[in-house]
Amino acid sequence: MEWETVIGLEVHVQLATASKLFSGTSTEFGAEPNTQANIYDLAMPGTLPVLNKEALKMAVKFGLAIDAEIGMTSVFDRKNYFYPDLPKGYQTSQLDYPTVGKGKLVIDMEDGTQKTIGVTRAHMEEDAGKSLHEDFHDKTGIDLNRAGTPLLEIVSEPDMRSAKEAVAYMKKLHSIVCYLGISDGDMSQGSLRCDANVSIRPRGSTELGLRTEIKNINSFRFVEKAINLEVERQIDVIEDGGRIVQETRLYDADNNETRSMRSKEVANDYRYFPEPDLLPIVIDEAFVEAIRETLPELPDVKSTRFQEQYGLSEYDAKVLSSDLATANYFEDVVATSKDAKLSANWVTGDLQAYLNKEEIPVGDSVVSAQALGGLILRITDNTISSKIAKTVFEAMLAGEGDADSIIESKGLKQVTDSGAIEKLVDDVIANNPEQVQQFRDGKEQVIGFFVGQIMKASQGKANPGQVNQMLKEKLSK
Amino acid sequence: MIDSDLAAISRALIQEEISSVELTQEYLKRISLENTDLNAFVTVCEESALEQAAAADESRSKGNAGAFTGIPIAHKDLFCTKGIRTSCGSKMLDNFIAPYDATVVERFNNAGAVTLGKTNMDEFAMGSSNETSFYGPVKNPWDRSRVPGGSSGGSAAAVAARLCAGATATDTGGSIRQPASFTGITGLKPTYGRVSRWGMVAFASSLDQAGTMTQSAEDAALMLNVMAGLDEKDSTSSVSDTEDYTATLDKPLEGLKIGLPVEHFSTGLGAEVEQKIRDAIAEYEKLGATVKEISLPNSHLSVSAYYVIAPAEASANLSRYDGVRYGYRCDDPADLEDMYKRTRSEGFGAEVKRRIMVGTYALSAGYYDAYYRKAQKIRRLIKNDFQQAFQEVDVIMGPTSPHTAFPIGSQNDDPVTMYLEDIYTIAVNLAGLPGISIPVGLVNKLPVGLQIVGSDFAEAQLLNVAHKLQQATDWHTQAPVAGNK
Numbered sequence: 001m002e003w004e005t006v007i008g009l010e011v012h013v014q015l016a017t018a019s020k021l022f023s024g025t026s027t028e029f030g031a032e033p034n035t036q037a038n039i040y041d042l043a044m045p046g047t048l049p050v051l052n053k054e055a056l057k058m059a060v061k062f063g064l065a066i067d068a069e070i071g072m073t074s075v076f077d078r079k080n081y082f083y084p085d086l087p088k089g090y091q092t093s094q095l096d097y098p099t100v101g102k103g104k105l106v107i108d109m110e111d112g113t114q115k116t117i118g119v120t121r122a123h124m125e126e127d128a129g130k131s132l133h134e135d136f137h138d139k140t141g142i143d144l145n146r147a148g149t150p151l152l153e154i155v156s157e158p159d160m161r162s163a164k165e166a167v168a169y170m171k172k173l174h175s176i177v178c179y180l181g182i183s184d185g186d187m188s189q190g191s192l193r194c195d196a197n198v199s200i201r202p203r204g205s206t207e208l209g210l211r212t213e214i215k216n217i218n219s220f221r222f223v224e225k226a227i228n229l230e231v232e233r234q235i236d237v238i239e240d241g242g243r244i245v246q247e248t249r250l251y252d253a254d255n256n257e258t259r260s261m262r263s264k265e266v267a268n269d270y271r272y273f274p275e276p277d278l279l280p281i282v283i284d285e286a287f288v289e290a291i292r293e294t295l296p297e298l299p300d301v302k303s304t305r306f307q308e309q310y311g312l313s314e315y316d317a318k319v320l321s322s323d324l325a326t327a328n329y330f331e332d333v334v335a336t337s338k339d340a341k342l343s344a345n346w347v348t349g350d351l352q353a354y355l356n357k358e359e360i361p362v363g364d365s366v367v368s369a370q371a372l373g374g375l376i377l378r379i380t381d382n383t384i385s386s387k388i389a390k391t392v393f394e395a396m397l398a399g400e401g402d403a404d405s406i407i408e409s410k411g412l413k414q415v416t417d418s419g420a421i422e423k424l425v426d427d428v429i430a431n432n433p434e435q436v437q438q439f440r441d442g443k444e445q446v447i448g449f450f451v452g453q454i455m456k457a458s459q460g461k462a463n464p465g466q467v468n469q470m471l472k473e474k475l476s477k
Numbered sequence: 001m002i003d004s005d006l007a008a009i010s011r012a013l014i015q016e017e018i019s020s021v022e023l024t025q026e027y028l029k030r031i032s033l034e035n036t037d038l039n040a041f042v043t044v045c046e047e048s049a050l051e052q053a054a055a056a057d058e059s060r061s062k063g064n065a066g067a068f069t070g071i072p073i074a075h076k077d078l079f080c081t082k083g084i085r086t087s088c089g090s091k092m093l094d095n096f097i098a099p100y101d102a103t104v105v106e107r108f109n110n111a112g113a114v115t116l117g118k119t120n121m122d123e124f125a126m127g128s129s130n131e132t133s134f135y136g137p138v139k140n141p142w143d144r145s146r147v148p149g150g151s152s153g154g155s156a157a158a159v160a161a162r163l164c165a166g167a168t169a170t171d172t173g174g175s176i177r178q179p180a181s182f183t184g185i186t187g188l189k190p191t192y193g194r195v196s197r198w199g200m201v202a203f204a205s206s207l208d209q210a211g212t213m214t215q216s217a218e219d220a221a222l223m224l225n226v227m228a229g230l231d232e233k234d235s236t237s238s239v240s241d242t243e244d245y246t247a248t249l250d251k252p253l254e255g256l257k258i259g260l261p262v263e264h265f266s267t268g269l270g271a272e273v274e275q276k277i278r279d280a281i282a283e284y285e286k287l288g289a290t291v292k293e294i295s296l297p298n299s300h301l302s303v304s305a306y307y308v309i310a311p312a313e314a315s316a317n318l319s320r321y322d323g324v325r326y327g328y329r330c331d332d333p334a335d336l337e338d339m340y341k342r343t344r345s346e347g348f349g350a351e352v353k354r355r356i357m358v359g360t361y362a363l364s365a366g367y368y369d370a371y372y373r374k375a376q377k378i379r380r381l382i383k384n385d386f387q388q389a390f391q392e393v394d395v396i397m398g399p400t401s402p403h404t405a406f407p408i409g410s411q412n413d414d415p416v417t418m419y420l421e422d423i424y425t426i427a428v429n430l431a432g433l434p435g436i437s438i439p440v441g442l443v444n445k446l447p448v449g450l451q452i453v454g455s456d457f458a459e460a461q462l463l464n465v466a467h468k469l470q471q472a473t474d475w476h477t478q479a480p481v482a483g484n485k
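These protein sequence lines are chains C and H, in that order.
The opening residue of the first sequence carries number 1 in this note's numbering; numbering runs sequentially from there.
The opening residue of the second sequence carries number 1 in this note's numbering; numbering runs sequentially from there.
Possibly wrong hints are sitting among the right ones.
[Unchecked claim] Here chain C is said to cover these stretches of chain H; the calculated rule only asks that three of the stretch's residues, wherever they fall, bring their Cβ under 8 Å from a Cβ of chain C: (1) 124–135; (2) 192–205; (3) 247–259; (4) 355–366; (5) 421–435.
These are computed hints drawn from the structure, not numbers from a lab.
Cβ atoms here follow ideal geometry from the backbone N, Cα and C, with glycine treated the same way.
Produce the entire structure from the sequences given, and follow the hints as far as they go.
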């Protein structure tokens, strides 16, 4: 039987507020355990929550970016369960009246097509602390620095049909929250965390199969791996005559498997009820419009503009616009180089290769956008060839200075003096009579051989265009 | 001097007839004589009280004193006090010293008040007799075999026995008004949101409200002047303006329209208690008020709705007592679950556990609609009843409690009988309204309280109405005979 995969994602985005959702404590990552937990975060008796308005604004901003219904009245609820890293014994979340209602997200598929994924809702909630099981000899340590950090939980419709679509959705979400500046998007620090609801059904069926929820998948790569593993597992179970059990499974990246969490860990009745310590949050049109004013140009709009304004291909435009920092870098390069196509090639090519190798974001590149633009400028004004430019770029990465000083100090300036080139051309023709004959017999591709010889003799500095033209003239005589 | 009311003490301090240190010493002496038997205080802060008193006297000598400077008061032991144990009447918090002051405490400290100590209470404010306290029952100063009411029984007994000039208290379902009634004092529960809840150990967040225990309405006004007002730390505290609650105390009551709910004068109300209430209302008529019978048709549902909503909120509010960060933790837990189970089984008393279980049940999947949601609908109906009534009348009056203080131990067998103690007071919490109980005479040497309920934020009016009666009568000046006299 042919199976169809049905996937819905719940993505937790850590909002980039300076302080926690309900207390004034800093949210900065990496402090000593429990140094960023005040009396509210510790759930001291008598303490009360006060909503961080920045978090509310960020949630609304996200809602506007995905064209969602904005909850003009949203309500916080208590989600009750006991766990040592949940100090109050309940998580303050939103159940029936989330701040962001139905919206949609357009994802880009590898084949260049697009697909719209429905977003069911996005609600604000507070993060839990961390339980530390190592270094405590038969005991568990609790670090409450993260407790109370604001999260936006974005719940999708079960609209995705493959692990690749799920990854594309995650990437688009990541791109949007970074564009909006509502999250630092640092997945290694858990700023974007994903739970996937996965089910399968016979292709053509319209009913949903029983689903499992895979928790703890925190990178694009793992999303794809975990979902594919789970789909294979489900197919195996059903084809072996078994049945899928609705359950929560944990993705274990080390062993590359999903495994069932003990039912005890998940069989919770959360006993939600409205949080009596907070009044319903009522916002008005003016509040929403003021936030709409602050919306930046979003990835899809930017991509279209890149195609129109710079004449880029759809592919280049998408690649460059998917990450805001890269898009800004690209535009800064163009501002100096004045050649968009060449700039796009450099940013997506040599620069990206370097960033990937070093595993650093574009913001940490040792070659600034202005410096790269300066290098490209020397290609377009024929000071150096594209090939020499790569050598110059390597030197720039090594910190040897800007393009002009490297070209100067290494004597890489292209030879455009026609007398000098003519001498090189004459020498090569004189030294290779056999190839000259071949050319004259009609084997025109042999010209590449001459060009190669001349470039070699000039140590790459001869202007290839001039060489070509002069060769053709002389050989045709 | 310390038998005088708070207003008189304030005047004496201002006129420097007595110093705060002298006053504080007198109170501390009486507490040391009386408290062993009354059990009104769970913590007496002798040293820090005298320090505060000395500081108050010094500010006065420098001309920096206000109306409250140097007045010795007590705080119910659920207001967090920095450096002083806040037990909430529970073994769970027997070792808990808050690292911060409740807003109410902070405001009194800033006003120059002296904290004599922390008063006994039903455990986590759950009870109507002060018998659920981990520290044992408080005795009623009028008859020491009887309860003082609850949950603010310690504050009520302390004021009635003149162990302090006034005391803070809280009222979730009658916990100020019923003990005030049982001990012959004036107990004010302001409108929900009038006084900040920051630093009040939570019982039922949507119902809890801080208020006052004093000898008179004037005293209550002086205390409310310190306590009331917006607090950014409490998102449910009201932005509505406060006022000088002493300013309109003497306003004549000509034309005041009093509503008497038929439901509060029916079965269950003791005949002698009813007579005292009727006598007080007759006094109001003499003062120019008119009386009208009204109906609060849904009031019979209030106790049931309350005992769903309050335990539901409590079940979540008390989840934080898990032995992880502060408070009681069981010895040698085998694992996490063992720690939770034994910490909570050993740390909470029976009534608290009962309410946690009731509340957990009411919020459970499959029962939420039948209990919690329905209770919230009833709450809305009850609020509507009051709003309807206030279209016709200015204030609503009736008995605070159907009877006078009952003997210690007499109602321990059936929790529901105890829950019915608050039959007249609970609806006021559900509706969020202000209410006051004032003494209106004795039945068999035990005080009877008249409850006066006002519309939202009508504290000034309530205090005016209460004060005028206290100007015309002397019921509020009647005091129990002290045990040492």
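Practice prompt. Closer than 8 Å, Cβ to Cβ, for at least three residues: run that test on the stretch 421–435 of chain H against chain C and report holds or violated.
Written response: Per the Cβ count (0), the hint is violated.
Discussion item. Closer than 8 Å Cβ to Cβ for three or more residues is the test here. Does the stretch 355–366 of chain H pass it with chain C?
Written reply: It holds: at least three residues are needed, and the stretch 355–366 of chain H offers 4 whose Cβ sits within less than 8 Å of chain C.
Item to complete: Report holds or violated for chain C covering the stretch 247–259 of chain H, Cβ cut-off 8 Å, minimum 3 residues.
Response: violated (count 0)
Worksheet item: If you look at each residue in the stretch 124–135 of chain H, do at least three have a Cβ nearer than 8 Å to any Cβ of chain C?
Response: Violated, because only 0 residues of the stretch 124–135 of chain H bring their Cβ atoms closer than 8 Å to Cβ atoms of chain C.
Practice prompt. Three residues minimum, CB to CB under 8 Å: does the stretch 192–205 of chain H make the cut for coverage by chain C? Let me know.
Written response: Contact hint for the stretch 192–205 of chain H vs chain C: holds, 8 residues under 8 Å.
Consistency with the previously given hints fails for numbers 1, 3 and 5, ordered from lowest to highest.
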